[in-house]
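The chain contents come next:
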Amino acid sequence: MKPLTDGNQQTGLANKKNRFWSRAFQQRYLYMMSLPFVLWIFIFSYVPVWGWLTAFQNYKPKDSIFNQKWVGLDNFIELFQDERFYIVLRNTLAMSTMGLVVSFTIPVIFALLLNEMRGQFFKRSVQTISYLPHFVSWVVVAGLVSKMLSTDGGAVNQLLIYLNIIDSPIQFMAKGEWFWSIVTLSDLWKEMGWNSIIFLAAMSGIDPELYEASTVDGAGRFRKMWHITLPGIRTTFMVLFILSIGHLVSIGFEKQFLLGNPLVSDYSEVLDLYALKYGIQMSRYSYGTAIGIFNSVVSILLVFIANGIYKRVTKESII
Amino acid sequence: MQGTMRRNTGDKVFDTFIYIFMTIVAIVTLYPFLNVLAISFNDSVDTVRGGITIYPREFTLKNYETIFGFDGLLVGFKNSVLRTVIGTAIGVLSASMMAYTLSRPDFQARRWMSVAFALTMYFTGGLIPGFLLMKNLGLIGTFSVYIIPALLSVWNVFVVRSYIDGLPYALQESAKIDGANDWTIFWKVILPLCQPVLATIALFIAVGHWNSWFDTYLFNNRSPENTTLQYELMKVLLSTQTGNNYRDPNAQQAISAVSPESIKMAITIVVTIPILMVYPFLQKYFVKGMTLGAVKS
Numbered sequence: 001m002k003p004l005t006d007g008n009q010q011t012g013l014a015n016k017k018n019r020f021w022s023r024a025f026q027q028r029y030l031y032m033m034s035l036p037f038v039l040w041i042f043i044f045s046y047v048p049v050w051g052w053l054t055a056f057q058n059y060k061p062k063d064s065i066f067n068q069k070w071v072g073l074d075n076f077i078e079l080f081q082d083e084r085f086y087i088v089l090r091n092t093l094a095m096s097t098m099g100l101v102v103s104f105t106i107p108v109i110f111a112l113l114l115n116e117m118r119g120q121f122f123k124r125s126v127q128t129i130s131y132l133p134h135f136v137s138w139v140v141v142a143g144l145v146s147k148m149l150s151t152d153g154g155a156v157n158q159l160l161i162y163l164n165i166i167d168s169p170i171q172f173m174a175k176g177e178w179f180w181s182i183v184t185l186s187d188l189w190k191e192m193g194w195n196s197i198i199f200l201a202a203m204s205g206i207d208p209e210l211y212e213a214s215t216v217d218g219a220g221r222f223r224k225m226w227h228i229t230l231p232g233i234r235t236t237f238m239v240l241f242i243l244s245i246g247h248l249v250s251i252g253f254e255k256q257f258l259l260g261n262p263l264v265s266d267y268s269e270v271l272d273l274y275a276l277k278y279g280i281q282m283s284r285y286s287y288g289t290a291i292g293i294f295n296s297v298v299s300i301l302l303v304f305i306a307n308g309i310y311k312r313v314t315k316e317s318i319i
Numbered sequence: 001m002q003g004t005m006r007r008n009t010g011d012k013v014f015d016t017f018i019y020i021f022m023t024i025v026a027i028v029t030l031y032p033f034l035n036v037l038a039i040s041f042n043d044s045v046d047t048v049r050g051g052i053t054i055y056p057r058e059f060t061l062k063n064y065e066t067i068f069g070f071d072g073l074l075v076g077f078k079n080s081v082l083r084t085v086i087g088t089a090i091g092v093l094s095a096s097m098m099a100y101t102l103s104r105p106d107f108q109a110r111r112w113m114s115v116a117f118a119l120t121m122y123f124t125g126g127l128i129p130g131f132l133l134m135k136n137l138g139l140i141g142t143f144s145v146y147i148i149p150a151l152l153s154v155w156n157v158f159v160v161r162s163y164i165d166g167l168p169y170a171l172q173e174s175a176k177i178d179g180a181n182d183w184t185i186f187w188k189v190i191l192p193l194c195q196p197v198l199a200t201i202a203l204f205i206a207v208g209h210w211n212s213w214f215d216t217y218l219f220n221n222r223s224p225e226n227t228t229l230q231y232e233l234m235k236v237l238l239s240t241q242t243g244n245n246y247r248d249p250n251a252q253q254a255i256s257a258v259s260p261e262s263i264k265m266a267i268t269i270v271v272t273i274p275i276l277m278v279y280p281f282l283q284k285y286f287v288k289g290m291t292l293g294a295v296k297s
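Respectively, the protein sequence lines represent chains A and B. The first sequence begins at 1 in the UniProt record's numbering and counts up by one. The second sequence begins at 1 in the UniProt record's numbering and counts up by one.
Not one of these hints is a red herring.
Here are the simulated distance ranges between beta carbons:
id: 1; chain 1: A; residue 1: Met282; chain 2: B; residue 2: Leu34; range: 39 to 47 Å
id: 2; chain 1: B; residue 1: Leu119; chain 2: A; residue 2: Asp167; range: 57 to 65 Å
id: 3; chain 1: B; residue 1: Asn136; chain 2: A; residue 2: Gln158; range: 48 to 56 Å
id: 4; chain 1: A; residue 1: Ile106; chain 2: B; residue 2: Ser162; range: 26 to 34 Å
id: 5; chain 1: A; residue 1: Phe104; chain 2: B; residue 2: Ile273; range: 26 to 34 Å
id: 6; chain 1: A; residue 1: Tyr46; chain 2: B; residue 2: Ser162; range: 19 to 27 Å
The hints are simulated quantities; they were obtained by calculation from the structure and are not laboratory data. These numbers come from a predicted model, not from an experiment. Note that the Cβ used here is the ideal one computed from N, Cα and C, for glycine as well.
Same shape as in the complex, but just chain B (with noise of 0.2 Å):
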């Protein structure tokens, strides 16, 4: 509808308009991370001075050095990466199975297990409850309260169960008249073919995942064993709230020279990475998985 348009002054005064609102748009979304970049390359002595803008003006690696030296994050940063993969592997094997089972129209149990699960969509326990519970079931300061608890998304099995619906069941049937049974149907047949939905919740589950505090907060705040790279972070991040007005004196960082000012920014890049890297994949799945829910709905 574009190109056939006149374009008179007004046309082009509007362009110029969203041009530069688009700009704007990209700078003060990517100033901030790129600023922190900046900082956490820079002297720690010399971030101090103020006016590091996005590239550092004396460049090391100092702070790097020094966060990675800190036991807390190394074991944060092995829990989150297997809180993330086992979390992911589960998480869609988990949703994968229970969607297949409730798509099969012949399954008896299919309309109230459907039923049971929709339910769950609009109500929760809340928060005291659900850590009643998990005191109750012993779960808290142990490492499978990230696994457990997030075992199944119902989103997600509803999200995978819609694609199976689009699959054509003649596969199903073919299978089934060679001998297979239900689990081989569902091993060989459906997981292949449902790859795309799949790599989308998958990176739904990674992301929720890797960025997820609050349950250390909560469940493990007690056991730094089982502490995750955001939940250190969100330690230092607290102790440094309010710039210079308040700050909690943390062992570990007063034994180091390097202020924390720096090693927040530091540490702010290392849990950023790695979203940075799945990130082309993120938008192409999320984008799609995010506009089917839509038309769905």
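Pulled out of the complex, with its shape left as it was, chain A reads as follows (with noise of 0.2 Å):
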């Protein structure tokens, strides 16, 4: 670099804008890296959220978003007017809320019981078949619970009749009521061993010191468990779980989507599922767009509710 010479404000500007440029060139190879990345991600991204406008409009296809008619908050009118949203919104809330309370219960317990386990054989070979479901697809998921579940030779109607729990095989696709716990058991069957993952990661950073120390005060396995493991995990656990919160409403769509049928579609609709049939088969775009901006704004909402309600009790934040 040149030194500066004089005190000339105008010539130190000059500089100052030109070893700008001279280094921006030197970096060169660094912007031709990024920049591309930087361009995709601004249409990938951040044009999409310029697109939430469109709930405010009555967007039709063929003119650009500036040539629309503005419709103010009809959208959302029409919305909470609409009964469906209703059940949908129930069936939303009652799956999200199933699903957190068992995805945080078993994976812990199951977690915990690995950790107690002695052999280490065995418990490494039940942590890889335990994996194992997380890598495959919900498809080949949907598949395999449907096939459990038949009514000609699935497995748990062939268990249930051998231990003459039931008489005749029940038909579980087809009822409405058993859908929630379908969805919630197979989330469980898919995702229980990889979930106790970051639990485990966890207990294994537990002080071992601890353990001893209560060994001489002479406390038994359950309270190491009770005492020791479970506080040990507690700060993962909870920011996980109020992470978590904040998808209350936004579970995806992907599990009921594959495992409902329109004979259960009153228990398996849900709203990205309802956004999807409005939206897009339907072609309202606009109101499809406005179930989304409920569910994106719903979400922020729960994560500060949740956050807030930890700070109060802790009187630490996670976000």
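The task is to assemble the complex, starting from two chains supplied on their own in separate frames and drawing on the hints.
Here is the structure:
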């Protein structure tokens, strides 16, 4: 770099500008490696947010977003007056709450039991097997689930009949009242092992001296689990829990889409599917976008509420 | 801590309980796969009699012969493989390029670019605006819709970046003194050193591509030349969803002598096998990657 030779401000400024461009030139390869992706993220992540405006319009695809008729909150008013919306909201909240409760209790118990296992080989084998379903697609899982629950030779019905719990096979997939449980349990089957990894990692981070000290104090196995292992994973647990609460209304739709069928749609339709049906299949883009916005706003609110409660209880914030 | 523990009766009962519980978990996890595998090799007419557990009663390869005669399935297989290979290669390269530039402390644009990328992790445009964007970009009904919108994952960028941050910076400086430019440093110094983390994200990306079906459903449901294996399985699945009560007449299946149920099972196996083949690697890298992410956050 050329040192500044005089105190003249204009020259200083020009120099600074020159320096900027000469450094930019020096770093041209870095720019070449990053600018295409910045452009890409602008198009694929920022432009769709601009598309939120369509919720306040009566969007017709043949014109650009700037030449649309503005309708204010009409789409939202229509949404809140639709009876179907409340059924869909009920299904969404029911399945997400059930999922939240199950996915934050069973994997913890599973991890706790794994942590207590003595035989390393058996422990590893169980872990290897339990992670497997995480990697297969929901399409495959839905196929397996409907096979297991089918009335002609499904394992679940056969087992229940064998144990004399029922006399004739239950049509699990055709009865709406079973749907929420089927979704929750399929999710548990797919993700239990995987979700336990993070708890196991947290457990392995607990100071072994704590266990030794408590052995000296005469604590038994269950007391150690209760007073050392569980408190040891509390922070991890709470962070994950609060983040999940933010996803209460945006639980995705893959499971519901693939496991559902017209017979159970009163129980299987969730917000995202509702948006998909109106927004894309019926080409009511503005209405579909309004549903999406409702979804996002509620998610953000829920995260803040959950974090607020957590803050009040523990005096620390996670976001 | 376990070794020093005194073992009393309560302990033994509890240990036995754990072993029984874990055995049940293993059986419940594996049985559906084994059952489907057995049915896929069992004679279609015989399967209807029911009672197949984990081995075929009347062994046949006819189910597989039938599905490999389906045009849709072959095209789907080709596209699934293509999108997985291309998507993974591009995904790994772009994530590492972006990560490298963001890791360079002297890079002018580093700060605002980091913010621009990080922000996108907190919001999404949603389903409909995303769909309209693809429509306006003319990506609907093309193969590119599998590659371009999924070009980069911000999460992967940050994973690779934190890995690069852990490498000694002196390596880059000495390369620079030797006259290497930034591209050469990236290509010859950084990429080879990043192999472990790149393997991790490559597996993440590959599994994601292989398993994805919704983009085919949404963007390519009217262009059979762009179908994927998962989407073909989904179609068969939905057409047989409620067992005997509901059956969508599918021309392709009507002409074959093999029942839709057996076809579904055979396709399920074909879709799952590649995952099983990479599973040993997956387990090694995924678990590491998962705990890495946990420690970072």
